[in-house]
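> Residues per chain, in single letters:
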Amino acid sequence: MADLSVNIGNLNLKNPVMTASGTFGYGIEFEDFVDLEQIGGIIVKGTTLNHREGNPYPRMAETPSGMLNAVGLQNKGVDYFVEKIYPKIKDINTNMIVNVSGSDIESYVKTAERINELENIPAIELNISCPNVKQGGMAFGVTPDGAAEVVSAVRKAYDKTLIVKLSPNVTNIAEIARAVEAAGADSVSLINTLLGMAIDAEKRKPILSTITGGMSGAAVKPIALRMVWQVAQAVKIPVIGLGGIMNWRDAVEFLLAGATAIQIGTANFIDPAITVKVAQGIDDYLNRHNFASVKDIIGGLEV
Amino acid sequence: MKKYILDLTVTENTKLHDSYVLLKLTHSEALPEMLPGQFAEIRVDNSPTTFLRRPISINYVDTEKNEVWFLVRLAGDGTRKLATVNVGDTVNVVLPLGNGFTMPTNSTQRPLLIGGGVGTAPLLYFGKKLQEIGIRPTFLLGARSAKDLLQLDEFKQLGDVYCTTEDGSMGEKGFVTQHTVLSEKQFDSIHTCGPKPMMVSVARYAKQSGIECEVSLENTMACGVGACLCCVENTDEGHVCVCKEGPVFNIKKLLWQI
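From first to last, the protein sequence lines stand for chains A and B. So the first sequence is numbered by this note's numbering: it starts at 1 and just counts up by one. So the second sequence is numbered by this note's numbering: it starts at 1 and just counts up by one.
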């Protein structure tokens, strides 16, 4: 067996496979299907300062090789997370990471402060890229200055590993990644969903209640791969790659493009046990190519 | 209940109708316990237009033959593709998912099971489970036309069957809520599954009559386990997942205008 461990900030991941926020609940929803402790890191559902009901139904549309969602950060708020969810997940022996969203700088900072108090949450993933709510952070995530402003503020309030999730709905993602790095982020994860749309021709109506939504799934992989490659060259902090990873081969491609770890999202809906299969597949790949460690292939693209 | 990812083998694929097939699937080991009203997420072959699993309710469980049945309406690309499986093929399913219908607490209860279209599917297994506790339920089944009423022989073995059709080709002409059995017999609870307008009418009737009523919903879903929050229904507790908190809900929990 190859050494699959990687480091992101102060995190040590037993393998580079993580779950993407919003696709794996709080992990416990999948415990019948996989041994959660065999996953390198679990990024739980987006959490905001206050309770959010999210967007009206319908929130989902299947599209060729992908799907659109418009959930809109439905969650019961950070206090509920701390009191009701955290006790259920704190003893899972892997990196349990909370995705944090906000509507203004103050709400990001207050939520991060609350999570900072939780001993067994070693990192947050700051979502400055949700496309599905009017003030879902994407306003911060689409300019270098906006991104730097929120990351700097959270950095002052949060002293564990800070991952910042980037939006692909921008002209130059590398520029934003550099701004986030300069503002103190320990890592960037990308890509969040791409803004998309689906129409029911028969009814002449949009399928989603919000008209537009975030696209994910296999169809977005080439875009995600390109952006991960660009960002990995632009920053020194570790990059976490996601977007359309459906199997171990996709995961290896992201590692070769420069990602230190990867996240699996939509694929969890198709195979709830995909995470551990991808970790196993990466190991098999490394053995087959005689690499002793996964670190040997990170950024190993030969061009 | 523990959920499983299983590779099942097709033992039968019968075309019941232009737009319905009955799939029977078996497993090399004993199938897990399933409750009436629960569903499975069935993987269709992984082609671009049928990317996600299809949620299909459990139609029947034949414990002797170790088979689970799915009544599949050919609604779109996914279900059409699923309908083409052959005997011996492998179908990957995740089950059992969601919460089932509420079982009566004693055998003197008189449940009425109302189904419309493909919504009759979970009622067959519910009827079997009721039979096991000594209850012979009343089934009220509605469809457009006689040919759309499926599995009637199976239903008749489990309970008293009444039908309505919109064209009058079988049973009483009209909608289920207009059937005379509603005034002729007494019921303690109503359990319904079918098109939403039908379930809203049934819920309204139940509320007016003071009868406990639960409905089974089929909101579009992705994960099936309460993770993606796509299939939400508005309830007295806010948005909840149909896949995890449902698909069966007491009408008192829903914010339907009835």
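Fair warning: there could be bad hints in the mix.
[What the hints assert, rightly or not] Calculated cross-link-like contacts (lysine-lysine; reagent style BS3-like; alpha-carbon spacing at most 25 Å): (1) A:Lys205 with B:Lys196; (2) A:Lys203 with B:Lys81; (3) B:Lys2 with A:Lys84; (4) B:Lys2 with A:Lys277; (5) A:Lys76 with B:Lys244; (6) A:Lys88 with B:Lys244; (7) A:Lys76 with B:Lys253; (8) A:Lys84 with B:Lys253; (9) B:Lys244 with A:Lys90.
[To be verified] Rough simulated footprint, nothing fancy, chain A against chain B, three-plus residues with beta-carbon under 8 Å: (10) 3-16; (11) 203-209.
Read the hints as simulated data drawn from the structure, not as lab findings. C-beta atoms are modelled at their ideal positions from N, C-alpha and C, and glycine is treated no differently.
> Holds or violated: Lys76 (chain A) with Lys244 (chain B), Cα cutoff 25 Å?
Status holds; Cα separation ~17 Å.
> Would you check the hint for Lys203 (chain A) and Lys81 (chain B), treating anything up to 25 Å between C-alpha atoms as holding?
Within the cut-off at roughly 24 Å; holds.
> Does Lys253 (chain B) sit within 25 Å of Lys84 (chain A), going by the straight-line distance between their CA atoms?
holds (22 Å)
> Take the C-alpha atoms of Lys2 (chain B) and Lys277 (chain A), compute the straight-line distance between them, and say whether it is at most 25 Å.
holds (21 Å)
> Given the hint that Lys76 (chain A) pairs with Lys253 (chain B), test it: the Cα-Cα distance must not exceed 25 Å.
The hint holds at about 19 Å.
> Taking only the CA atoms, is the gap from Lys88 (chain A) to Lys244 (chain B) under or equal to 25 Å?
The given pair, whose Cα atoms are some 18 Å apart, holds under the 25 Å limit.
> Under the criterion that the straight-line Cα-Cα distance not exceed 25 Å, is the pair Lys2 (chain B), Lys84 (chain A) satisfied?
holds (22 Å)
> CA of Lys244 (chain B) to CA of Lys90 (chain A), is that 25 Å or under?
holds (23 Å)
> For the region 203-209 of chain B, do three or more residues have a beta carbon lying closer than 8 Å to a beta carbon of chain A?
violated (count 0)
> Quick one, are Lys205 (chain A) and Lys196 (chain B) close enough, alpha carbons at most 25 Å?
Holds: Lys205 (chain A) and Lys196 (chain B) sit about 19 Å apart, inside 25 Å.
> Mind checking, does the region 3-16 of chain B have 3 or more residues with a CB under 8 Å from chain A?
Three-residue rule met by the region 3-16 of chain B, so holds; n is 3.
The structure does not agree with numbered hint 11 stated previously, though it agrees with all others.
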